[in-house]
Amino acid sequence: MTTPNPPTRHGPPAAGPPAARAPQSAASASAAGAEGRRPGPGPDVEGTVAALRRTFASGRTRDLSWRIAQLRGLESLLTEHESELAEALDADLGRPAHYSWFGDLASTRVEAVYARKHLRRWARTRRTALPLAQLPGTGSYRYEPRGVVLVIGPWNYPLYLTLGPLIGALAAGNCAVLKPSEHAPATAALLAELLPVHLDPEAVAVIEGEAEVTQHLLAQGMDHAFFTGGPEVGKLVMAAAARTLTPVTLELGGKCPVIVTADARLDIAARRIAWTKMLNSGQTCIAPDYVLVEDAVRDELAERIAAAVREFQRAEAAPSGQRVVNTRQFERITGLLDGSGGRVLVGGSADPATLHVDTTVIVDPDPGSDLMTGEIFGPVLPVLGVPSLRAALDFVNDRPKPLALYLFTSSSGTRRRVVAGTSSGAVVVNHIAMHCLAPQLPFGGVGASGMGSYHGRWGFETFSHRKAVLTKTARPDPRLLYPPYSARKLKALRRIF
1 MTTPNPPTRH GPPAAGPPAA RAPQSAASAS AAGAEGRRPG PGPDVEGTVA ALRRTFASGR
61 TRDLSWRIAQ LRGLESLLTE HESELAEALD ADLGRPAHYS WFGDLASTRV EAVYARKHLR
121 RWARTRRTAL PLAQLPGTGS YRYEPRGVVL VIGPWNYPLY LTLGPLIGAL AAGNCAVLKP
181 SEHAPATAAL LAELLPVHLD PEAVAVIEGE AEVTQHLLAQ GMDHAFFTGG PEVGKLVMAA
241 AARTLTPVTL ELGGKCPVIV TADARLDIAA RRIAWTKMLN SGQTCIAPDY VLVEDAVRDE
301 LAERIAAAVR EFQRAEAAPS GQRVVNTRQF ERITGLLDGS GGRVLVGGSA DPATLHVDTT
361 VIVDPDPGSD LMTGEIFGPV LPVLGVPSLR AALDFVNDRP KPLALYLFTS SSGTRRRVVA
421 GTSSGAVVVN HIAMHCLAPQ LPFGGVGASG MGSYHGRWGF ETFSHRKAVL TKTARPDPRL
481 LYPPYSARKL KALRRIF
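Residue 317 in the UniProt record's numbering sits at position 317 of the sequence shown, with consecutive numbering throughout.
Hints were generated in silico from the structure; no laboratory data involved. It is possible that part of the hints are untrue.
Said to hold, decoys possible - Pairs of lysine to aspartate or glutamate residues, derived as EDC-like cross-links and limited to a Cα-Cα distance of at most 16 Å, are as follows:
no., residue 1, residue 2
1, LYS117, GLU75
2, LYS467, GLU144
3, LYS401, GLU375
4, LYS489, ASP477
5, LYS235, ASP267
This one's a predicted model, so the numbers in the text were calculated from it and none came from an experiment.
Please work from the sequences and hints to get the whole structure.
What follows is the structure in structure tokens.
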């Protein structure tokens with residue numbers, strides 16, 4: 001890992017290992033990632049973490065002005081380098097610039113601005129009431145940074161899901177190591193180039209590499225680890241973190257269901273389901289995974305979703321399919337279509353030469369097929385009819401808890417019943433995935449879909465330690481508390497406590 005020392009706008013000049021790899025174009029970075037990493041010395045994990053610990057020990061990251069400067073630095077990075085970032089995302093994911101603006105750039109900037117504007121309020125010391133036995137005295141709690149934290153980013157939204165947790169880490173006053181996904185090499189290389197310019201390079205480091213680099217980082221005994229990705233890798237992260245008692249936040253995924261009742265606005269539901277499924281080729285952890293719709297309106301809704309897919313493809317002048325990230329994902333997704341059963345309304349084709357997969361709507365696939373038992377994470381949408389809302393709830397509750405559940409209905413009673421009768425990271429009514437764009441709401445999973453939450457205040461608290469402070473006076477100092485304990489003393493103590 002090289003050590004460039006560019007002039008930083010929001011911190012002192014670099015003086016130690018935290019640094020970026022030498023810049024390269026988005027195209028060359030993506031090609032290098034596709035071919036595998038070139039031979040060469042690995043990153044100096046121990047030296048980088050040690051340097052970050054020295055920075056944290058200096059105390060400068062605790063200052064609110066420093067934290068606010070880092071958040072402004074992220075804002076400027078996203079604003080000033082929008083075109084380069086969009087180019088990198090296109091190289092990695094084949095994604096049009098306007099979708100990258102919506103899915104990665106604007107959403108991240110909103111989080112940074114919100115944190116900057118609310119940070120002083122979040123960081124205040126808070127007084128608490130005390131029980132009679134602790135009077136006279138004062139009680140309070142305060143938030144202090146955890147130390148040096150690790151953010152392990154995914155490839156599907158490699159800016160938003162890497163910089164989003166970093167916002168919470170910096171707002172809380174931590175130093176941070178970012179480990180971007182090796183499956184989005186162009187974006188990872190650009191982050192390594194730009195972050196030392198816009199942030200304090202002695203407090204934030206980017207380390208690139210394969211899975212063994214992540215394991216090496218976790219072995220350093222980080223003060224917190226934040227992982228976004230699939231459940232299987234999440235288990236490995238948690239196991240590695242357990243060896244050093246590193247606390248973890250896991251943002252995983254799961255099969256996010258959509259329930260549509262007969263009284264819903266089917267035209268609105270169809271458009272919103274189709275649009276969010278097509279975003280990023282369905283490679284979104286909170287994308288609609290499957291639709292459960294009451295039998296009376298199943299065919300109408302399925303046809304409307306298929307029509308919306310065709311409409312959006314024409315409007316975008318898009319190719320017949322959507323590109324997925326790599327050959328492995330292409331083979332996995334096309335494999336799900338084989339033997340799934342059901343009736344294909346739109347799509348169904350794929351091109352291995354371009355890694356494009358048609359946006360595919362399948363009506364009533366086999367519930368026991370691979371398509372319906374694992375997370376799809378691609379542009380394939382099953383639509384299943386159910387006889388009643390009760391049947392839909394039973395179907396959802398018989399499966400692992402999802403990261404999000406979506407409901408389309410006109411009935412407030414149905415809304416209350418679904419919210420109370422299911423368990424998921426979030427519930428969104430009459431839309432899909434929009435909760436992730438509201439920093440006022442916590443974002444996180446439950447059970448198999450993850451643990452912990454972030455966004456807004458919840459990100460700040462995730463990366464903070466809530467420390468209790470109790471202050472007592474020297475007087476009075478009643479002897480009631482001290483031995484010997486007579487029957488009379490014990491009776492009095494029982495009354496007080």
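Cross-check of the supplied hints:
1. LYS117 - GLU75: 12 Å, holds
2. LYS467 - GLU144: 7 Å, holds
3. LYS401 - GLU375: Holds, because 12 Å separates the two Cα atoms, which is no more than 16 Å.
4. LYS489 - ASP477: At roughly 15 Å apart (the allowed maximum being 16 Å), ASP477 and LYS489 satisfy the hint.
5. LYS235 - ASP267: 40 Å, violated
Figure legend: structure checked against the earlier numbered hints; the only hint not met is number 5.
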